[in-house]
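**Q** Below, each chain spelled out in residue letters.
Protein chains: 2
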Amino acid sequence: MLRTIQHHRSVRNFQPGRAVEESLMTELLAAAARASTVGNMQLYSMIVTPAGSPEFAELGPCHFGQPAATGASALVTFCADVHRFSQWCRRRGAEPGYDNLQWFVNGTIDALLASQNFSLEAEANGLGICYLGTTTYTAADIVRILRLPKGVAPVTTVAVGYPAEPLPPLTDRLPLEAVVHRGTYRDYSPERIDEIWAAREASEETAQLLEENGLPNLARIFTERRYTKADALRFSRAYLDMLREQGLFEFDIAEAE
Amino acid sequence: MLRTIQHHRSVRNFQPGRAVEESLMTELLAAAARASTVGNMQLYSMIVTPAGSPEFAELGPCHFGQPAATGASALVTFCADVHRFSQWCRRRGAEPGYDNLQWFVNGTIDALLASQNFSLEAEANGLGICYLGTTTYTAADIVRILRLPKGVAPVTTVAVGYPAEPLPPLTDRLPLEAVVHRGTYRDYSPERIDEIWAAREASEETAQLLEENGLPNLARIFTERRYTKADALRFSRAYLDMLREQGLFEFDIAEAE
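Quick mapping for you: the protein sequence lines, in order, are chains L and P. Each residue of the first sequence is one higher than the one before, counting from 1 in the UniProt record's numbering. Each residue of the second sequence is one higher than the one before, counting from 1 in the UniProt record's numbering.
It cannot be assumed that every hint is accurate.
Copies of the same chain look alike in the list, so a pair counts if it works inside one copy or between any two.
As the list claims (entries may be wrong) - 20 Å max Cα-Cα, derived SDA-like pairs, lysine to any residue:
id, residue 1, residue 2
1, 229, 52
2, 229, 208
3, 150, 183
4, 150, 247
5, 150, 140
6, 150, 221
7, 229, 90
The hints are simulated quantities; they were obtained by calculation from the structure and are not laboratory data. Keep in mind it's a predicted model, so treat the numbers as computed, not measured.
Please take these sequences and the hints and turn them into a complete structure.
**A** Laid out in structure tokens, this is it:
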């Protein structure tokens with residue numbers, strides 16, 4: 001397996017005050033731009049916000065002040081972007097019509113493949129990265145801070161910098177066959193569900209979490225503390241509102257009939 | 001830059017009849033599973049469909065019969081999957097509530113980061129890959145063929161196999177600074193749009209396309225032939241219907257208020 005892929009871990013503590021060199025950052029962005037992209041349209045934009053800039057300070061609360069965000073050397077926000085391509089079309093007398101779900105999905109695919117190239121290239125060069133899931137929770141604020149025009153929507157953010165020692169351990173994963181299906185989807189029996197999660201549920205880390213949270217199992221920590229239904233609904237609504245506001249969900253259902 | 005990233009090209013012609021060895025396929029899937037994932041929940045599934053299987057034959061038309069799909073050694077469909085995680089929650093007496101846009105987006109992020117690890121690992125091992133954008137056009141058919149339960153939605157497909165010689169050339173990209181923004185988004189002036197596309201518009205490939213299509217510029221080939229507004233609306237509607245059918249867009253707006 002590629003060494004970089006094999007050794008990936010999310011880094012949440014960075015060496016303070018150590019910037020990513022300009023030439024190295026350019027290399028990471030160039031690696032991102034080599035990723036596959038729908039129809040070679042490059043329906044994404046990468047916004048680099050270095051530590052110390054006013055926007056960097058403003059982005060911190062969007063990422064809930066987590067140390068991975070506030071302590072990074074730079075935040076790179078990967079956005080689905082149909083704006084640039086549509087502008088080009090209009091300037092050439094062509095009618096784009098890309099303000100809809102299909103194209104948001106196309107842009108999201110492009111943005112995420114680019115982000116993973118960026119991340120692997122960063123790790124191959126001794127940097128650490130952390131994906132920030134908070135990007136989709138507070139997307140409307142990020143739109144405002146980064147001044148994203150209509151047609152552009154934040155999808156994810158990669159925090160990057162030189163990792164502080166010691167490196168965190170590799171994260172455990174479910175057994176490979178838990179996420180792989182051959183031919184068609186093989187649904188999970190209750191027994192198989194137990195089997196798949198057995199190792200994680202039996203770990204020392206889980207035991208500690210259960211004690212800290214005063215809850216009888218790990219699933220309830222997820223649903224009652226980390227990822228509640230109320231948050232899911234609130235963030236869903238906010239993200240959909242942002243997509244509509246950015247003109248990426250504007251299709252008239254009737255038109256599509 | 002990582003050699004694999006640097007040399008990426010989409011491969012659409014594969015050596016006929018040459019399968020990807022089982023052990024190598026497992027390595028690629030294991031590489032996929034090392035990618036970052038929201039909250040270590042692994043909200044994705046990878047469905048491997050080898051050439052020669054009945055499902056492989058059925059998937060061909062979903063991908064419009066393109067040679068990259070029908071000639072591959074295997075198709076790997078990457079799906080957002082909140083089903084497995086939700087099942088685990090329910091089995092532990094925890095109420096998931098993940099049947100909404102936010103979690104579809106979480107699963108999409110997970111699926112795409114995994115797909116890019118898979119693709120790079122494949123290329124590092126001498127295989128060729130091609131992402132199939134058709135996945136989102138015909139997602140409901142793919143759901144049926146791969147028997148995806150509720151909570152699972154196809155996001156992208158990677159066609160994989162040993163490339164036929166000669167390898168296609170590297171694809172051109174817009175100048176890097178066209179897709180990179182520093183600090184905040186810097187909007188494009190009409191002149192900058194011209195500058196960004198100048199090289200591509202002046203290429204021999206473009207000249208040939210214009211002649212073949214009898215159209216005055218490349219943008220009109222995109223909007224009138226390759227990616228029409230009517231298709232965008234039709235596929236948007238179909239994808240949203242699929243998401244609703246799969247229970248991934250079910251939030252009651254009122255609940256979120």
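**Q** Next step is simple, just say for each hint if it's right about the structure.
**A** Each hint, compared with the structure:
1. 229 <-> 52: Intra 36 Å, inter 43 Å, cutoff 20 Å: neither.
2. 229 <-> 208: Answer is neither; intra-copy 24 Å and inter-copy 54 Å both fail.
3. 150 <-> 183: between (41 Å within a copy, 18 Å between copies)
4. 150 <-> 247: Cα proximity of residue 150 and residue 247: one copy only (6 Å, versus 29 Å across).
5. 150 <-> 140: within (12 Å within a copy, 29 Å between copies)
6. 150 <-> 221: neither (38 Å within a copy, 24 Å between copies)
7. 229 <-> 90: Between copies, since 13 Å is at most 20 Å while 42 Å is not.
Hints 1, 2 and 6 from the earlier list are contradicted by this structure; the remaining hints agree with it.
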